[in-house]
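2 protein chains.
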Amino acid sequence: MKEIKIFAPATVANLSCGFDVLGCCLDSVGDEMTIRKNDLKKVRITKISGQDLPMETDKNVAGVAVLSLLDHLNENQGFDIEIDKRIKPGSGIGSSAASSAGAVFAVNKLLGEPLKHKELVQFAMKGEFLASGNAHADNVAPALLGGFNLVRSYEPLEIVSLPTPHELRMVVLHPLIEIKTRDSRAIIKQNVSLKKAINQWGNLAAFVSALYTEDYALMGRSLKDEIVEPVRSILIPFFEELEKISSEQGALGFGISGSGPSVFAMCKGDEVAAEVYKSFKKFYSSKEIEFDIHVSEINKTGVKIL
Amino acid sequence: MKEIKIFAPATVANLSCGFDVLGCCLDSVGDEMTIRKNDLKKVRITKISGQDLPMETDKNVAGVAVLSLLDHLNENQGFDIEIDKRIKPGSGIGSSAASSAGAVFAVNKLLGEPLKHKELVQFAMKGEFLASGNAHADNVAPALLGGFNLVRSYEPLEIVSLPTPHELRMVVLHPLIEIKTRDSRAIIKQNVSLKKAINQWGNLAAFVSALYTEDYALMGRSLKDEIVEPVRSILIPFFEELEKISSEQGALGFGISGSGPSVFAMCKGDEVAAEVYKSFKKFYSSKEIEFDIHVSEINKTGVKIL
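Top to bottom, those sequences are chains A and B. The first sequence begins at 577 in our numbering and counts up by one. The second sequence begins at 577 in our numbering and counts up by one.
Chain A with its partners taken away, still in its complex shape (with noise of 0.2 Å):
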């Protein structure tokens, strides 16, 4: 195999419990990669359409995810990456991890698959230090394994995959406005009150339980967060509106997609979905801001071949 062309899916991290750890997968949108081998024993980002986006391999997210994974296999093969972006870059659907995922999932492919998804995990991760100035896994996991992933540890990296109850949809709704997870990070406490965290590690691990047993009203009632939510949701126009809407409408739970702006609204069944839909649609047409808003499954697979 020569050439391979993906859809690298966006993903939801934080889930509003599981800050830092937790992610899942989207279907709705994502990018799409072409990526193929050349005989200059050099990558090179040949092509990206849809953003503006460095083109210089040591500066491109995807660039220096494959560099770092063929540093480490030892391989001197070339590749050539096209990127056709579809996910908006400083949107909180995990713009940079789906490009970083994308292309090193398509470069373990075309090297007959010298690593598992698991082990590429690592690798996407040096796109998303690029990208933020944090290494984080909680975008890449999902994207590569699809449904959703729990960092259970940094060091050394180990990544849990979670069960995917299959009746859950999630709104996503993106305002127009960009916050660098950078910047985003920068607002956060590096100090939190014992209570609250216990709160937080409550809620997470019973979020967790939930999705073992499909229990979707105790989904809801976990995704909570006193800790980063109260801070960053200042960020993001008609925050408490958009939440106020999820909550009449049925949603399970309502927050915020990564380190914003986007949010979500985690639902059961598509009828409650669509209800979600249309009024965040309704509400946020009637303010001055530009927005995109889907409707996802869980994607459950990650990457995959087109």
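If you are wondering where the hints come from, they were derived from the structure by calculation, not from laboratory data. Incorrect hints may have been included.
The list treats identical chains as interchangeable, and a pair is accepted whether it falls inside one copy or across any two copies.
Dumping the calculated DSSO-like pairs for lysine-lysine here, alpha-carbon to alpha-carbon at most 27 Å [as the list claims (entries may be wrong)]:
{"no.": "1", "residue 1": "Lys694", "residue 2": "Lys771"}
{"no.": "2", "residue 1": "Lys820", "residue 2": "Lys844"}
{"no.": "3", "residue 1": "Lys635", "residue 2": "Lys581"}
{"no.": "4", "residue 1": "Lys618", "residue 2": "Lys661"}
{"no.": "5", "residue 1": "Lys772", "residue 2": "Lys694"}
{"no.": "6", "residue 1": "Lys685", "residue 2": "Lys617"}
{"no.": "7", "residue 1": "Lys664", "residue 2": "Lys635"}
{"no.": "8", "residue 1": "Lys618", "residue 2": "Lys880"}
{"no.": "9", "residue 1": "Lys692", "residue 2": "Lys661"}
{"no.": "10", "residue 1": "Lys820", "residue 2": "Lys858"}
{"no.": "11", "residue 1": "Lys578", "residue 2": "Lys613"}
For chain A, the structure is supplied; the task is to place chain B on it using the hints.
Chain B only, in chain A's frame:
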């Protein structure tokens, strides 16, 4: 039914990664209690053997728990409570929780079970408040319900019951020095670094996942506590040495039971548990400190009628 005799089991709270929210129930040791109706419209502690504890109803954890239950039920039936106290107070294996849980279980039974076991937790917590100044539920919930239990939230109180992998064994060593939960709580810092909190909730979430998937190795890797253990372990004689022995003998993990001084080694299977037991016993016998030690299965039912 006028009289009931019950076994009120010891419990291990916190379990390293789940400070204040996680606990499991033991089978090896517990209080024996006899509760009978009286015609005095009064709750009396009529006998306590095994330990020297308050006989005044409103100063005894079982008494206080029963009073709050009767108050809630608007019930003026009187009860006599006899406690054969087998769990040493201040041991860190839920001594006060056992008596509180046992008492409300028995009274509820004698009244024809107006409440479910889960609903009894809040009344048993009144005993915990009396004992430690903190109405925690991570001992009383497993004592009443058996198995592993998670406190998702305190306000409102919500208990999530988790599965019990059948090969789990607990080796519990109790150095006979007393640490009051109250004192042991006082040395904990009320603020924690966000980084450590993230590690903690990653580990707890992974532990919960591992209970569902019966991934014993993952349970072991998740039994970490960077927040409370480093402070509390200082109060426990030879903590580090026991940890080392536990690891050498193949235990899944090791930590402080509740607020200590008891420690636990979580093991897979009887064989490993027997080795850890033997090695702990040998090591501690060479020291100047008296101790209790026992091996327990996870008690899946909680308080039971004798």
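Which earlier hints turn out false for this structure, listed by number in ascending order? The structure breaks none of the hints.
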